[in-house]
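2 protein chains.
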Amino acid sequence: MTNFSYCVPTKIVFGKGVEEQAGQEILACGGKKVLLHYGGGSAERSGLLGRIERSLEAAGLPYVRLGGVVPNPRLSLVREGIALCKQENVDFILAVGGGSVIDSAKAIGYGIVHDFDVWDIFSKKRAPTGCAPIGAVLTLSATGSETSASTVITNEDGWLKRSGNSEYIRPRFALMNPELTYTLPPYQTASGGVDIMMHTMERYFTAPADAELTDRMCEALLKTVIHNLPIALANPEDYNARAELMWAGSLSHCDLLNAGRDRGDWSCHQMEHELGGMFDVAHGAGLSAIWGSWARYVYQHNIGRFAQFAVNVMDCTLDFAHPERTALEGICAIETFFHSVNMPTNIKELGFTLTDAQITELAHKCAFDGTRTIGSFQTLNEQDMAAIFTAAR
Amino acid sequence: MTNFSYCVPTKIVFGKGVEEQAGQEILACGGKKVLLHYGGGSAERSGLLGRIERSLEAAGLPYVRLGGVVPNPRLSLVREGIALCKQENVDFILAVGGGSVIDSAKAIGYGIVHDFDVWDIFSKKRAPTGCAPIGAVLTLSATGSETSASTVITNEDGWLKRSGNSEYIRPRFALMNPELTYTLPPYQTASGGVDIMMHTMERYFTAPADAELTDRMCEALLKTVIHNLPIALANPEDYNARAELMWAGSLSHCDLLNAGRDRGDWSCHQMEHELGGMFDVAHGAGLSAIWGSWARYVYQHNIGRFAQFAVNVMDCTLDFAHPERTALEGICAIETFFHSVNMPTNIKELGFTLTDAQITELAHKCAFDGTRTIGSFQTLNEQDMAAIFTAAR
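Residue numbers (the working numbering), protein chains in the order written: chain A, 3 to 395; chain B, 3 to 395.
A few of these clues could be false.
Listed below are the simulated DSBU-like cross-link pairs for lysine-lysine, each with C-alpha atoms no more than 35 Å apart in a straight line [as the list claims (entries may be wrong)]:
1) B:Lys-13 / A:Lys-34
2) A:Lys-34 / B:Lys-35
3) B:Lys-34 / B:Lys-18
4) B:Lys-18 / A:Lys-126
5) A:Lys-225 / A:Lys-350
6) A:Lys-88 / B:Lys-13
7) B:Lys-127 / B:Lys-88
8) A:Lys-13 / B:Lys-126
9) B:Lys-126 / B:Lys-350
10) A:Lys-126 / A:Lys-34
11) A:Lys-13 / B:Lys-13
12) A:Lys-13 / B:Lys-34
13) A:Lys-225 / B:Lys-225
14) B:Lys-34 / A:Lys-18
15) A:Lys-13 / A:Lys-34
16) B:Lys-13 / B:Lys-34
17) A:Lys-18 / B:Lys-127
18) B:Lys-225 / B:Lys-88
19) B:Lys-88 / A:Lys-126
20) A:Lys-13 / B:Lys-127
I should point out that these hints are in silico values taken from the structure, not numbers from a laboratory.
Remember, predicted model here, so these are calculated numbers, not experimental data.
Put together the whole structure using the sequences plus the hints.
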């Protein structure tokens, strides 16, 4: 087991009706003026925004609104939010939505407390030194952004999708009502489920490390999602299935599941970020389209690990004489599962075909113009990335 | 899944040599003068206290020392610590030891910030309103007190063992170096392992609730302890086995494992507290001596739950036609495991025999003179408790 630090101070309030505690929780954090940040019109139409506004009003909290966050949230709206918050003296940001809204809120939080342009943090030109406090009312089980120290923003100038991680941005609280996910379209539910699984798998397939409890908890979480995602798709108002997915989403990305090993592989995430920056695909669907090609490219690097996944997560039977067969069976089994929830297992199934030139461009961008490698399970250079994009197209 | 809140802000720093960060972590918490609280002479003789003192000195932190904490920590020493801290203007308590030392530190922390006698909190006469900040350098994998909101203190006046739980007492940080547990006697290692398992099992055997991810994580943790405890006993310096036990101990008692269900059954803990108050047994060994008798007394209340435990934790084969057989097989299997690590499965194996009068007294005390019932898996009254003590003797 490798040395690690673990600290997730985010207060989780989980269950029916918890969004109505928003005002009180912001007061408890010392917030005085709130940016209510959200996505499209569904939060408005469903009455959710109204309930939250009444909660803020009951707590005596003034607020301003900024909607319009889109999947793969944009730098332009972040900059607009920063200007608005500075003008209105906002000191607390309440994100109402899924990971895109929370990520956008985190970026605005960065911008409020720094004098330089916020993109400098995402392009790694400058290190952040703080962030305005964030709270979240979660409406989508997927990214785990409600408890994570991560944010990913897309810069429309070049369609660069970049992360800006630090402990400063971890939300102070997350209000998690599974009922708020009942109305999600099936595709978004499934894409979110895959995202949850991938946050776990990126931590599971890493450089070798003895971390048995962490392994077993990863396996527990993956099996829970595999069991409950089809239930939620068949019956969108199954509270327990929605609740399992929502809780799994938070635990998958709060660093609990890499305790005692390195911080994860993240190759598929980094490649998907390029794809998502160029084509605007749903994040989980993009991961689903790439993972099998990544797995077949790297599995021989540690066959035992893929066999463990096959047996402990996908319930395959271990072929002791030929564990590589079990490893491949596990990869097939999860692709079968992805298909069963209408998620793609190649890029064509995302709805478009990559040209050779696009693959070259994606790999070049993901390798930061040839200056970085990615991955810890197996280190990948620009050529490896191009090979995986090619296998996945 | 039932509604729940979850917030564990304790900062975990885990790995080799982390005790040397004590001074810096206390500074980060704003501590200015420290009570260094510990147990017997082993921390002194091993050089651990010296290393920590150098860390405090390097951080410019003055400190006073108070040793002498014993298992089932005593109220008299807590009162001595409170007087010392008030006299010396101590504002931070660093516990160096296992659960007893940390529990004692929490009680002292309560005492510093309240004007009334600290036992009033444990006897439920008064509710706590705060606690001085606590940090821990852990030397024993067992109670999970390093991340928990629990403390248990024994009042020598009547030998009453009582808990005084609140969020105020959760440690600010826990420095966890598995190497510090290498020198534990085998009996303490095993007793600690059982305690970790029982913190999980008290949360697993509760009133019915759909909480699949929580169930699976409980099972993951129990299997990890069952795998690693024998390894640590066979080779006390196996770093990974010691690390798995230490991390499992923290996760078992930080409320992660009752997310979405009620807060646990705790019958065995409450009965063992009376036993420990009267006879001063090692906590885990006391739990081990009682659990099987409790399980056989209550299992018919929810056979499916005990069958799930048997199959998913103890690797029994489910007898679909007679699941009660599987349930009983699981109880036998864990008793076999307890015996394999030299833990008792009845009170005689603890080294003494209970008289009828003692059983009556234990049950009467545990039922708060007949005024309370215990348990959530099955509610137990004073007569039930006496029956279980009788079966266990």
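Results for each hint:
Between the alpha carbons of Lys-13 of chain B and Lys-34 of chain A the distance comes to roughly 28 Å, so the proposed pair stays at or under 35 Å and holds. In summary, the hint linking Lys-34 of chain A to Lys-35 of chain B is supported, as the alpha carbons are separated by about 34 Å, within the 35 Å threshold. Distance check on the hinted pair: Lys-34 of chain B and Lys-18 of chain B sit about 26 Å apart at the alpha-carbon level, within 35 Å; holds. Proximity of Lys-18 of chain B to Lys-126 of chain A is assessed by CA-CA distance (about 31 Å); at most 35 Å being required, the pair is judged to hold.
Our distance criterion of 35 Å between C-alpha atoms is met by Lys-225 of chain A and Lys-350 of chain A, whose separation comes to about 27 Å. This hinted pair checks out: Lys-88 of chain A and Lys-13 of chain B have alpha carbons roughly 32 Å apart, not beyond 35 Å. For the hint pairing Lys-127 of chain B with Lys-88 of chain B, the CA-to-CA distance comes to about 23 Å; that is within 35 Å, so the pair holds. This hinted pair checks out: Lys-13 of chain A and Lys-126 of chain B have alpha carbons roughly 27 Å apart, not beyond 35 Å.
Restraint check for Lys-126 of chain B and Lys-350 of chain B: satisfied, since their Cα atoms lie roughly 33 Å apart, inside the 35 Å limit. Pair hint Lys-126 of chain A plus Lys-34 of chain A holds up; C-alpha atoms about 31 Å apart against a cutoff of 35 Å. Straight-line distance between C-alpha atoms of Lys-13 of chain A and Lys-13 of chain B comes to about 14 Å, which keeps the hinted pair within the 35 Å bound. About 28 Å separates the Cα atoms of Lys-13 of chain A and Lys-34 of chain B, which keeps this hinted pair within 35 Å; it holds.
Using a Cα cut-off of 35 Å, the hinted pair Lys-225 of chain A and Lys-225 of chain B holds, with the two alpha carbons roughly 16 Å apart. Proposed proximity of Lys-34 of chain B and Lys-18 of chain A is contradicted: the alpha carbons are some 43 Å apart, above 35 Å. About 19 Å separates the Cα atoms of Lys-13 of chain A and Lys-34 of chain A, which keeps this hinted pair within 35 Å; it holds. Note on Lys-13 of chain B and Lys-34 of chain B: the hinted pairing holds, with a Cα-Cα distance of about 19 Å set against a maximum of 35 Å.
Note on Lys-18 of chain A and Lys-127 of chain B: the hinted pairing holds, with a Cα-Cα distance of about 33 Å set against a maximum of 35 Å. The suggested pairing of Lys-225 of chain B with Lys-88 of chain B is violated, with an alpha-carbon distance near 45 Å, which exceeds 35 Å. Under the criterion of a C-alpha separation no larger than 35 Å, the hint pairing Lys-88 of chain B with Lys-126 of chain A is inconsistent with the structure, at around 49 Å. Among the hinted pairs, Lys-13 of chain A with Lys-127 of chain B is consistent with the structure: their alpha-carbon atoms are about 29 Å apart, no more than 35 Å.
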